[in-house]
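For this one, chain W is given, so just place chain V on it according to the hints.
Chain order of the listed sequences is W and V.
Everything in the first sequence is counted per our numbering, starting at 1 for the first residue and increasing by one.
Everything in the second sequence is counted per our numbering, starting at 1001 for the first residue and increasing by one.
No lab work stands behind these hints: they were computed from the structure.
Note that this is a predicted model, so its numbers are computed, not measured.
We treat Cβ as the ideally placed atom computed from N, Cα and C, and that holds for glycine.
Honestly, I wouldn't trust all of these hints.
What the hints assert, rightly or not - Some chain V residues close to chain W (C-beta under 8 Å, calculated; not the full set):
| hint | residue |
| --- | --- |
| 1 | Tyr1054 |
| 2 | Glu1056 |
| 3 | Gly1060 |
| 4 | Thr1179 |
| 5 | Thr1182 |
| 6 | Phe1194 |
| 7 | Ser1197 |
Unchecked claim - Beyond 12 Å from chain V on every Cβ pair, some chain W residues (computed):
| hint | residue |
| --- | --- |
| 8 | Gln22 |
| 9 | Val29 |
| 10 | Ser54 |
| 11 | Leu133 |
| 12 | Gly201 |
What the hints assert, rightly or not - As a list, the in silico SDA-like pairs of lysine to any residue whose alpha-carbon atoms are at most 25 Å apart:
| hint | chain 1 | residue 1 | chain 2 | residue 2 |
| --- | --- | --- | --- | --- |
| 13 | W | Lys152 | V | Ala1110 |
| 14 | W | Lys152 | V | Glu1102 |
| 15 | V | Lys1113 | W | Ala220 |
| 16 | V | Lys1113 | W | Ala223 |
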Amino acid sequence: MIAQAGGEVVWSWEFAAEILPQLLVALRVTFQATVLGSALAITLGLVLAVLRRSDSRAVSLPVGGFIEFIRSTPLLVQLYFLFFVLPQFGLTLSGMTAGVLGLGVHYATYTSEVYRAGIEGVPKGQWEAATALNLSNRRTWTGVVLPQAIPKVVPALGNYVIAMFKETPLLAAITVIEMFGQADRIASRTFRNVEAFTLVGLLFLLLSYPCVLLLRRLEARLAPR
Amino acid sequence: MAEVLQFLPTLLLGVRVTVLVTVLGMIFSVVFALLGGLGRLSKRRPVRWLAGAYIEVFRGTSVLVQMFWLFYVFPRLFDIELSPLFAGVLALSMNVGAYGSEVVRGAILAVPKGQTEAAIACNFSPSQRLRRIVLPQAVVAMLPPFGNLMIELLKGTALVSLITLSDLTFMAQQVRALTGATLQIFTIVLVLYFVMSYAITLGVRFLERRVSVGRDVGRHMPQPIPEPVA
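Chain W on its own, in the form it takes in the complex (with noise of 0.2 Å):
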């Protein structure tokens, strides 16, 4: 116990430690929430840089629509309309699924535009070559442009995934109890709220942190000397 205001003890590190093993393992709920998250986000993100390029506009205008209708709303917004909306048509999802969904599908916009900025960094004779050897249009995606096109991006991947990560506390709004709805929970519990949200927001910072610096680094490997 030290800092005190008011008579009051501020701070308990014996609370701290109580409550710290029930924080970890709201951890793991983070953890899936974000490795779910983000395959959906980088497998969906993939498909829509995709056919946002197709040569059909009927299939090209919608997708970018789409983009910029999620990309230009609140994630929190969206995750109540599947959480809410959704079983009025008979599709009831549990808050962990519309979470991951929410998250998947709104990363996805912005994974969408890294994987765009990778597919236009092909030089535009990768594309001449393809259609000189007769390649049809799957191969020239799968053989020629994407290996070339996403070794570059995986770092700025690789940052959506982190900032995912920090997201996953909205899942709380619609009763996910990851870390942060674990502390809120213990906070409205106990009336002690200070060693709940700051030991949250420390683990954030240290688990996110050193993933930044992994990247920083593989970014300058990956940079263009």
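Chain V in isolation, oriented as in the chain W frame:
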């Protein structure tokens, strides 16, 4: 359609709060971004270190956690009271300001060194150099990324509903609890947010045109009289 319109007045009350939080957040996030960005470039090591710590801490944690911490924990530690509006705006603008700091830093570093050297040769004081030579040129490069950050800020304002501020998202939840018309409500709310984002995009585009006036050398357009910028 009539059904949809009946919710609109209540939701628009929330829009007012959202706009207020966004506008205040924009002002303060620019201030934090300038402080953070310039601090990182300072000659003094403690200043650089402080700015770096601010940037990494706010970029390394979650906005929602920052907001809860400022609203619930901070007042307990220091025995003071923070209004939800103050805590919400402060958390959002410090968070966006941390990302903005890197934008400011990058844009300032991108201004050619010769500009600073020329300003020194012309006997400009350090603050004159910054205000009259470096910043006006850096602003051109800052605007597009700042536009994106401002949209992130607008989206972030939805979180203030979780610390009891009655913004658009909060109002949506209230109306939902009352009427249960979830599809209509959340569709209107998403559209309203989209309209606000679009307004920001248009505003930033307008500013981009203004600050680049007189800089488009080589473009075949009537050159307006250059105006001093910022």
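Here's how the hints hold up against the structure:
no.	hint	in the structure
1	Tyr1054	13 Å, violated
2	Glu1056	7 Å, holds
3	Gly1060	4 Å, holds
4	Thr1179	12 Å, violated
5	Thr1182	5 Å, holds
6	Phe1194	5 Å, holds
7	Ser1197	4 Å, holds
8	Gln22	16 Å, holds
9	Val29	14 Å, holds
10	Ser54	23 Å, holds
11	Leu133	38 Å, holds
12	Gly201	5 Å, violated
13	W:Lys152 x V:Ala1110	23 Å, holds
14	W:Lys152 x V:Glu1102	22 Å, holds
15	V:Lys1113 x W:Ala220	23 Å, holds
16	V:Lys1113 x W:Ala223	23 Å, holds
Checked against the numbered hints above, the structure breaks hints 1, 4, 12 and satisfies the rest.
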